[in-house]
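**Q** Required output: the full structure, derived from the provided sequences and hints.
There are 2 protein chains.
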Amino acid sequence: MHNTATHNLRKSVTSHDVAELAGVSQSAVSRSFTPGASVAEATRLKVLQAAKRLGYLPNLHARTLITGRTRIVGVVLAHLDNLFYPRFLQLLSEQLQTQGMQVMLFIAEGPGNDDLLEHMLQYRVDAIVLAATSLSSSLGKACLQAGIPVVMFNRVSAQSSDRSFHSVRTDQEEGARQIALHLIAGGHERIAYVAGHLDASTNQERENGFRTTLAEQGKAVFAYGVGKYDAATAQAVVRSWYLDRAGQPRPLSLCPDAIFAADDQMALAIMDTLRDELGLRVPAQVSVAGFDDVPQASASAYGLTTYAQPLGPMVQELVELLMAQIAQRNEPMASNKKNKGHATVVPGQLIVRTSTRQPI
Amino acid sequence: MHNTATHNLRKSVTSHDVAELAGVSQSAVSRSFTPGASVAEATRLKVLQAAKRLGYLPNLHARTLITGRTRIVGVVLAHLDNLFYPRFLQLLSEQLQTQGMQVMLFIAEGPGNDDLLEHMLQYRVDAIVLAATSLSSSLGKACLQAGIPVVMFNRVSAQSSDRSFHSVRTDQEEGARQIALHLIAGGHERIAYVAGHLDASTNQERENGFRTTLAEQGKAVFAYGVGKYDAATAQAVVRSWYLDRAGQPRPLSLCPDAIFAADDQMALAIMDTLRDELGLRVPAQVSVAGFDDVPQASASAYGLTTYAQPLGPMVQELVELLMAQIAQRNEPMASNKKNKGHATVVPGQLIVRTSTRQPI
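So the protein sequences, as listed, match chains A and B. Note that the first sequence covers residues 1 to 360 in the working numbering. Note that the second sequence covers residues 1 to 360 in the working numbering.
Every clue listed holds true.
Since the list can't tell identical chains apart, any single copy or any two copies may satisfy a pair.
Within a straight-line C-alpha distance of at most 20 angstroms, the following computed SDA-like cross-link-like pairs (lysine to any residue) qualify: (1) Lys-52 with Leu-116; (2) Lys-52 with Gly-23; (3) Lys-52 with Gln-145; (4) Lys-219 with Pro-359; (5) Lys-52 with Ala-146; (6) Lys-52 with Glu-118; (7) Lys-52 with Gln-122; (8) Lys-52 with Ala-28; (9) Lys-219 with Glu-174; (10) Lys-52 with Gln-26; (11) Lys-219 with Gln-178; (12) Lys-52 with Asp-17.
No lab work stands behind these hints, which were simulated from the structure alone.
**A** Set out below in structure tokens:
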């Protein structure tokens, strides 16, 4: 069947050919291939049989001009080295693929991103997922203005005054709260925090949940540094805590006995530095916790205690939101509505492994 | 400027409007936005100024119908958990983005992949990169038949009789040869191999280079197992070597003293099993080497000796091949040529870290 299809494709089988063979109008052919369009079942069957026989595939780009739908979802990402995002990308691509849609990838950082908006508008993507943490919300706004639905993943707009975007994320504050309670229950006295990007909502919510919970328990953050969700930056922060300016170890009683890093990527790098550079035992001398539950976190070389973001349910919520948005877009009323974005919050789960001292 | 652009976009500025304002023909507008098309520089400048003023963006899907080019490159991937592929995807996306092209992602395994070919043909991608190791070459053939250029990345067609695809890969045999020589130089006597997928060209070439080199040095593979490029499968292979059926440790003198795994993903998991399950010291009791140099390989928790695939140069070669193929596609003669695929082989580099005993 593939051979027939591809062979005929070169001869450019048109909807006219299909209409002729099926004995129906060209418009009936078009409607038969348009999801949701009205067409008698008997007609549709005749069309599909003729199409199969001729190896006809409706050209999506031609159909796009009629339906206004490209069946492309643009995904804006930045850090593919962080294993949280590749897994997300794979799950999202799989789920959209089952719905006859494909992911088009836009890299927000690095070369060629100056014309990102222009590119996305040119491709007329049906919807956009913003998953790049450091991306400003101006891009999202421009897309909304151009009538393209936008859903934020694992983030919300940094300005609390502007919650016009739909979003899907884990309950970050609750996650950070559970990490804080776990570290306190482990008897830690000097609890440190390594922040991600300060302008990212993920960091703001995690930091807020962490600080608030410590305060409720009568504790303050003992040491604080900004790791920018970057392994090397996080390692430099930790070195500055345990070594003095001459590079000599400070007395451990003056150093953190527990570190919560705003994501697993930083937490794993911090474990490397503590154990292999500074010669400290984890968790006997320092406990380390992260956030995300990336695959490496469960490797026995780390056994990282973390708060798991439930990627499966999150992606499912995301796809449902996307589909609803795309469907709504075709309704003439929808563009006039001044909706507040729907913020979907999915509960995560504390995963206690061996990198933190157990509650006493 | 964005506001103007998006505002006018909703009113659907057409090439006709731009032509009118610029005082040129509509065809001149079209040619001004078509890369490589012939148009006087003065005309092009007038068009671009008018387009900017009106906020005109050429609709790629409309242009596709004229030029036959979508500026979309389809990338077929399977395993995004293996950190080798996310880095590849990021680099490729960045480089294509600078050329005004975008990556559309197709997941070869998992749900929704039955109609993969049909989807790719429907989107009329300009070219396809096959990077899924376990994918049969039938998909690639069907694409070639449909006139879509195909380049294989990090693999060649498994049938040596069929080398019609262009490909970019590291020198796998040379890499495996260097690993073998390094392990022999380290004084190892019982050298084992954990294979990837047996039908993947990556494994075939690595295994061949490894076996041949051992044989040249008067050695045979001491133990052999198939890990299928899967961490858990590779760990099970290693357990079967070091434990007897009752789950008791075998005498170490009957077990491998060095293991080469066909990729880093398996090698890292094997290190976890050796050290944390079996209580063995790496490399004092067993040396471990991998292939790829994924980011985790350099983490101090592993310090994995490996053969680095040079992703930057490989992606650059890939993009050049893609661009040449896409350009050639428009030449009427090209489709009649029965070209043999061009196999680009990029040299890699042995990276010796702490997971293997140093040469004695």
